[in-house]
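Chains as they are written, first to last, in my numbering: chain A, 1 to 260; chain C, 1 to 330.
Errors might be hidden in some of the hints.
[To be verified] Below, a sample of chain A positions facing chain C; criterion: calculated Cβ distance under 7 Å:
no.: 1; residue: D120
no.: 2; residue: G123
no.: 3; residue: E131
no.: 4; residue: L133
no.: 5; residue: P136
no.: 6; residue: H139
no.: 7; residue: V146
no.: 8; residue: I148
no.: 9; residue: G162
no.: 10; residue: K163
no.: 11; residue: G179
no.: 12; residue: A221
no.: 13; residue: I224
no.: 14; residue: L227
no.: 15; residue: V250
If you are wondering where the hints come from, they were derived from the structure by calculation, not from laboratory data. The beta carbon of each residue, even a glycine, is placed where N, CA and C say it ideally should be.
Each chain, letter by letter, is given below.
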Amino acid sequence: MEIFVLVKQVPDPEATVKIKTDTELEIENKYFTNFFDEIAIEEALRLKEKFGGKVTVLTADPKRVDALRRGISMGADEAIQIADPALEGSDPFAIARVLAAYLKDKPFDLILAGRQAMDDDSGIVGIALAEALNLPHVHSIIGLEVDISRKEAKVIREVENGKEHLICPLPALFTCQKGLNTPRIPLVMNVMKAMKAQIKKLDLVSLGIEASKVGSPAIQAKVIRYLPPPKRPPVKMIKEEFPDNVRTLVRLLREDAKVI
Amino acid sequence: MSNEIWVLAEHQDGKVKGITFELLSGGVEFSKKTGQKVAALLLGYGLEEATKGLLPFADKIYLLEHPLLSPYTSDAYESALLPLLKDHQPSIFLGGATSIGKDLFPRLAMRLETGYTPDCTELSVDEEGRLTAKRPLFGGKVFAEMVFSGARPQMATVRNHTFLIHENLGKSAEVLSLPIQLDPSSIKKKVIKVEKSPGERVDITEADIVVAAGRGIKGPENFKIIEELANVLNASVGTTRAVVDEGWRDLKDQIGKSGKNISARLYMAFGISGAIHHVLGIGTCKTIVAVDTDPNALIFNYADYGIVGDLFQIVPALTEELKKILASEG
Ligand SMILES: Cc1cc2nc3c(=O)[nH]c(=O)nc-3n(C[C@H](O)[C@H](O)[C@H](O)COP(=O)(O)OP(=O)(O)OC[C@H]3O[C@@H](n4cnc5c(N)ncnc54)[C@H](O)[C@@H]3O)c2cc1C
Ligand SMILES: Nc1ncnc2c1ncn2[C@@H]1O[C@H](COP(=O)(O)O)[C@@H](O)[C@H]1O
Chain A
1 MEIFVLVKQV
11 PDPEATVKIK
21 TDTELEIENK
31 YFTNFFDEIA
41 IEEALRLKEK
51 FGGKVTVLTA
61 DPKRVDALRR
71 GISMGADEAI
81 QIADPALEGS
91 DPFAIARVLA
101 AYLKDKPFDL
111 ILAGRQAMDD
121 DSGIVGIALA
131 EALNLPHVHS
141 IIGLEVDISR
151 KEAKVIREVE
161 NGKEHLICPL
171 PALFTCQKGL
181 NTPRIPLVMN
191 VMKAMKAQIK
201 KLDLVSLGIE
211 ASKVGSPAIQ
221 AKVIRYLPPP
231 KRPPVKMIKE
241 EFPDNVRTLV
251 RLLREDAKVI
Chain C
1 MSNEIWVLAE
11 HQDGKVKGIT
21 FELLSGGVEF
31 SKKTGQKVAA
41 LLLGYGLEEA
51 TKGLLPFADK
61 IYLLEHPLLS
71 PYTSDAYESA
81 LLPLLKDHQP
91 SIFLGGATSI
101 GKDLFPRLAM
111 RLETGYTPDC
121 TELSVDEEGR
131 LTAKRPLFGG
141 KVFAEMVFSG
151 ARPQMATVRN
161 HTFLIHENLG
171 KSAEVLSLPI
181 QLDPSSIKKK
191 VIKVEKSPGE
201 RVDITEADIV
211 VAAGRGIKGP
221 ENFKIIEELA
231 NVLNASVGTT
241 RAVVDEGWRD
251 LKDQIGKSGK
261 NISARLYMAF
271 GISGAIHHVL
281 GIGTCKTIVA
291 VDTDPNALIF
301 NYADYGIVGD
311 LFQIVPALTE
321 ELKKILASEG
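Whole structure, please, built from the sequences with the hints as guidance.
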């Protein structure tokens, strides 16, 4: 199987994010490979182990390649970075257009992405890429079984209060959710090797994309202001002894918060 | 341009989902400012009951009925909706931040080359019908206020409980049944089975009240006391990743960064330490209660009401107390 995996290096959930100006953030330099993208890499590697073929990790990011190196250290065969200063400030739709320009004439059976990137939390890039390539997609999968001879996949995706089982013809794009697998931890030796692995670098001109199709000029929904999370009033600790504290809690929930 | 506010209706077994009523209520509120008509887009097959349910909530119902539209697939919905969206160019198109809305809206927005803001927690309009959307980033560490360029529709998916349902909007919708042609070959995915989770409870993302326990519960069998509390409150049961990783609860109940974001009216956390990964998922809950034996547990920093105590003592007593009170009220 020929598989492409979309990966992104994102701020670690523990990194602090500060609002610098209305439209600028200051993000602590603590990054990791998007949690869901590692699940996507793992799934691709398992399919390769079963059916043979090749796994290519792909990122559209002018700055960070660590997600690609993570992919290589886990076992991916090739890494491709679409790097262009014009990408700076792109929204997920522009990223999808760029990835589509690269992938449109490549042979593949499957594209895997994460359910969402843990920075913008959009869940757009994978699905929008499927649209651009006219591929079927299944979002938020927690089960995957490929039938290579029929060129189709049995997928399970998470829905409210249940699971949806689907059959989807290949090639297709799936976005991966926790529960699909547990990503392997790469061996230290492979991490070292990945540091030196070759990364193929492409710019927008080579993909035939005009700069006006990416970056801030292409944005259809733009941020006018960053805001801190809504402030909660300070906690009210109920300090009475048991069981009075339980009664007080119930009273507060009814009379004060009016939620029950 | 039709200059309307559209809402994608979601329904299950003939019943329209709460999120749809919320969005229509919000849409009607907007229309008071903008003078626009509010329309529900109802897709599926065998829609009489759902249509009836929607009548008091919109000015119009666009009905798209076809066997291939049931059950939902993005393929079929997209084929049905794209020509309509291009034709009418509504001003605003809203959907739930649900397994349907989040699945479908990115494809539509990509094709229509219009703006889309996912997973919003607040929306407003000005007199000209320009939408401002607020959405969490970095799991809720910051929020972004976003506006749309000239392309229409302005598309957004919205979290449960962002708008309140107004039961008396004084509407009686005009039902417009639209002809629909679907090419079966354009529908590539096939749903073969929908496996419902056991039990009667609604999904934690939809629930009004969520009660949850973390590793402090010590074992899967002890969730019984949480279930009993949930029964009294008609709540759903959530948990932490630590518990899911132990295999004590199903992944679908996990709240937080790698689980689900909830927006409940009341969230109660028992024996949950309050790791950042967890609390990012509860940021938009209205009232939060925390019970933990450790007075320094981080969860207290995010709670409205806190008790330092043993959940094995507090939870059963709370259940009993609520039972008494709710019974006395009939
Ligand atoms: C990338 C990443 C993503 C993650 N995503 C998530 C996520 O989505 N959701 C999530 O929840 N976590 C997530 N985590 C894990 C998170 O960091 C914490 O490890 C986890 O939330 C802790 O769960 P807990 O509170 O149940 O357990 P603990 O941290 O062990 O806390 C148990 C608490 O129970 C209390 N306790 C013990 N006995 C009692 C008693 N008898 N009565 C009352 N209290 C008692 C203890 O004082 C303690 O505060 C993620 C971690 C990473 C690295
Ligand atoms: N810049 C990027 N390059 C490659 N893949 C990306 C990029 N941004 C997002 N993705 C993929 O798309 C998924 C969803 O991202 P998002 O739409 O930003 O939430 C991620 O989990 C990645 O798999």
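Each hint tested on the structure:
no.: 1; hint: D120; in the structure: holds, 6 Å
no.: 2; hint: G123; in the structure: holds, 6 Å
no.: 3; hint: E131; in the structure: holds, 4 Å
no.: 4; hint: L133; in the structure: violated, 11 Å
no.: 5; hint: P136; in the structure: holds, 4 Å
no.: 6; hint: H139; in the structure: holds, 5 Å
no.: 7; hint: V146; in the structure: violated, 15 Å
no.: 8; hint: I148; in the structure: violated, 18 Å
no.: 9; hint: G162; in the structure: holds, 5 Å
no.: 10; hint: K163; in the structure: holds, 4 Å
no.: 11; hint: G179; in the structure: holds, 5 Å
no.: 12; hint: A221; in the structure: holds, 3 Å
no.: 13; hint: I224; in the structure: holds, 5 Å
no.: 14; hint: L227; in the structure: holds, 4 Å
no.: 15; hint: V250; in the structure: holds, 5 Å
Taken one by one, the earlier hints fail for this structure at numbers 4, 7, 8, listed in ascending order.
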